[in-house]
Amino acid sequence: MRRVATALLGVGALVACASVTACNKSQQSQSSAPVITAPIVGGPHALPPAAAAPADDGNWTMPGKNYASTRFSALSQITPANVSKLALAFTFSTGTTKGFEAPPLVVNGTMYVITPFPNYLFALDLTKPGAPTKWEFKPKPAAASQGVACCDVVNRGAVYDNGKIFFNTLDGQTFAVDANSGQMVWHTQLGDIQKGETITMAPLVADGKVLVGDSGGEMGVRGWIAALDEGSGKVVWKAYNTGPDKDVLIGANFHPFYASDRGKDLGVKTWPPDAWKIGGATVWGWISYDPETKLIYYGTSNPGPWNPDQRPGDNKWSSGIFARNVDTGQAAWYYQSSPHDLFDHDDVNEIILADIPWGNGRRPVLLRPDRNGFFYVMDRRTGQVLSATPYGYINVYKGVDLKSGRIIPNPDKSPKPGRVTRDICPASPGAKDWNPAAFSPVTGLVYIPHINLCQDEGHMEANYISGTPYVGADVKMYAGPGGNRGVFTAWDPIHRRPVWEIKEDLPLWSPALVTAGNVVFYGTMDGWFKAVDARNGKLLWQFKAGSGIIGQPISYRGPDGRQYIAVICGVGGWAGAIVDANMDPHDPTGALGFANAVKDLPLKTTAGGILYVFTLPR
Amino acid sequence: MSSRFRVSVAAIAVAAIALCACNREEHHSRAKPIGETIPTSQSPATIFPGNGTPPPLDPRAALYDNNANAIGQGQQLFSMMNCVGCHSHGGGGMGPALSDDEWRYGGRIDQIAASIADGRPNGMPSWRGKLTADQIWDLAAYVRSLSGLPSKDAVSSRSESMSAGTPSTLTPHGEIKNSDAAQQ
Chain A
1 MRRVATALLG VGALVACASV TACNKSQQSQ SSAPVITAPI VGGPHALPPA AAAPADDGNW
61 TMPGKNYAST RFSALSQITP ANVSKLALAF TFSTGTTKGF EAPPLVVNGT MYVITPFPNY
121 LFALDLTKPG APTKWEFKPK PAAASQGVAC CDVVNRGAVY DNGKIFFNTL DGQTFAVDAN
181 SGQMVWHTQL GDIQKGETIT MAPLVADGKV LVGDSGGEMG VRGWIAALDE GSGKVVWKAY
241 NTGPDKDVLI GANFHPFYAS DRGKDLGVKT WPPDAWKIGG ATVWGWISYD PETKLIYYGT
301 SNPGPWNPDQ RPGDNKWSSG IFARNVDTGQ AAWYYQSSPH DLFDHDDVNE IILADIPWGN
361 GRRPVLLRPD RNGFFYVMDR RTGQVLSATP YGYINVYKGV DLKSGRIIPN PDKSPKPGRV
421 TRDICPASPG AKDWNPAAFS PVTGLVYIPH INLCQDEGHM EANYISGTPY VGADVKMYAG
481 PGGNRGVFTA WDPIHRRPVW EIKEDLPLWS PALVTAGNVV FYGTMDGWFK AVDARNGKLL
541 WQFKAGSGII GQPISYRGPD GRQYIAVICG VGGWAGAIVD ANMDPHDPTG ALGFANAVKD
601 LPLKTTAGGI LYVFTLPR
Chain B
1 MSSRFRVSVA AIAVAAIALC ACNREEHHSR AKPIGETIPT SQSPATIFPG NGTPPPLDPR
61 AALYDNNANA IGQGQQLFSM MNCVGCHSHG GGGMGPALSD DEWRYGGRID QIAASIADGR
121 PNGMPSWRGK LTADQIWDLA AYVRSLSGLP SKDAVSSRSE SMSAGTPSTL TPHGEIKNSD
181 AAQQ
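Top line first, the protein sequences correspond to chains A and B. Each residue of the first sequence is one higher than the one before, starting from 1 at the first, in my numbering. Each residue of the second sequence is one higher than the one before, starting from 1 at the first, in my numbering.
Keep in mind the hints are simulated off the structure, nothing from the lab. Every residue gets a Cβ at the ideal spot worked out from N, C-alpha and C, and that includes glycine. Hints may contain errors.
To be verified - Label-pair ranges, simulated between beta-carbon atoms:
1) K130(B) x K264(A): 35 to 41 angstroms
2) K130(B) x K599(A): 32 to 38 angstroms
3) N180(A) x P54(B): 48 to 54 angstroms
4) S126(B) x A51(A): 50 to 56 angstroms
5) R419(A) x N51(B): 30 to 36 angstroms
Starting from the given sequences, assemble the full structure and let the hints guide the process.
Here it is in structure tokens:
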């Protein structure tokens, strides 16, 4: 079956070439026509658990839309039949020029926008024409924090709960702001930029706690996740992701599925002496939550430094998934996607909660397009891997052994000291990086915006100097097989295959949105905001924004009862730093090697964070 | 052609080589001693009220600018002190590009040395007290060389960057194992 799919992909590449040529002439966005590789199969498909994905109230209160992280809007006014009429409702300039990864939030007629550094928070009044600003809040993070943020000074979103907006600042603080007045309720300093700690992730509020984790896996920090009391900001629990069990909150309730994750103080023993203290395993991605079991799910980042020779061992608990009790932080299970990570394959990607048909009933699972290129289906109660299927081109791993749970590395691609390893696929940002997929219970498909990059990599000894990078690798990335740097895949998690794929010229760095009207939205790094048919990938509508799009689209019901689509452009992030950080494209190793893959981007877009809101004409 | 003429040509050639070598390799340890100082922070392209004259070039600058030994030492320090983690091999990343012709805080070697010594407000760390004055000047000389400002003969011909070979990602590949519990 995989061979057939590969053959079809080959045809797709030819179609892509023809299409790209045509597009060049008309100055349109460079993407291929969708290639349909499999039919949508009828019958029972994956559904989100009701407790984690309640009925849609038309608001958008957290980046993932709900605890199941579906990024699915149940609004259905906008359909494949009418989306071509979509027109601008209003725009808003955020006054920032850094990579804009955050979605806007909408709560009962007010839109909230959190910007990259300096992390402005705006409230826009959707009940008035042109959505004027109600208030703005400026947290004034330390400017020096920009110097310890590995991959642009992004912020991945705010969250609303119970009358407050919660967000993190680059310099390691968590803020709670009154959603009506814009007055600060509390703030808590969690990270220390002197140690290289920043915070870029979007918090999640669950069970009265604000969950926050650090960034800095390239700076030799020690990763952690903390739960703050929603009312006071006081730390309720904090769990490190390296070190002795008592720090990691591993106790009697810890039951990992695989033997290699069992044993005392593995967060110490799987490292050279003291290396765990500067070993990364940060929490800069996404958290999901299952209210039925009170378990949170999150992934940990790469171990540090990138140079693997300096950290022999499995380097627990880096590059894996933790399930923890939300009240106590105690670990329930853990699974390591990339033990002794060789390629900066963080494990922080989104975790979609779903219940899939299994035997005569349904099985509670996680769906996960992982950075290492495998689409994982895992039992979310136990951490057992049920399947791991490549959804992009992989040559550094041979598969995942379901008995041991371990990924099987390709020895030909294991870096050796003193030489450059070539054609590492997927590259360090993986087959997909942080930008989340969307999951539609209507089609049962997962809509994955991802990338197709490979790289050459050489290592040198990294010196640990606190507050400076701790990497020890030279990297040069480039397009993978086919030459397209981005892919948008509609993935069937039951039959473990793509249903359709769109090849994009540039890496896809924007998250996806899918609606009950069967329209999928995503953006490209040269600024095209696209609507495609959720069933077949057909391009239905597109709009050219003022800057490249790496931000997450959302859909909400406005005060007038109409369905709106909102997205914020603003090129940047790791992939777009070459533009917004004004880098010199002549150095192939710039931006940890990403610059080489997007040398053409500065000619295709410029920086600038602007909100665009669309709706159908009356 | 007399043998005497030949000898003098040879002598001139030797002298010329020696001269070139002197220009390239002159080590500042042989210069007359100047106090071990790092320039204080001075904003380069700012307004100087009164007469508009910027402060004179630091006297130590001449010992390091365009000096192959200083540039070579600075190149080593650039990797060892993790400068490369932020600025890459000049192209930038976490920190700004150094190989272009934009200098936020001035591209004169004493201005670069001041930026290294005292840090800059948007995240450049301060290395005063962590590196010696000599090391800071060496680094400044190397940073200046990234932009192509010094003469070519002072700069190492060996690039620290990776070779720009053609990627071979279009080569055929083997099958990847598809793991599925339901089928096992």
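Hints, verified against the model:
1. In this structure the supplied range 35 to 41 angstroms holds for K130(B) paired with K264(A), their Cβ-Cβ distance being about 39 angstroms.
2. At about 34 angstroms, the beta-carbon gap between K130(B) and K599(A) stays in the expected band of 32 to 38 angstroms.
3. Between N180(A) and P54(B), the C-beta spacing of about 52 angstroms keeps the proposed range 48 to 54 angstroms intact.
4. At roughly 51 angstroms, the beta carbons of S126(B) and A51(A) sit within the given window of 50 to 56 angstroms.
5. In this structure the hint that R419(A) and N51(B) lie 30 to 36 angstroms apart at CB is violated, the actual value being about 58 angstroms.
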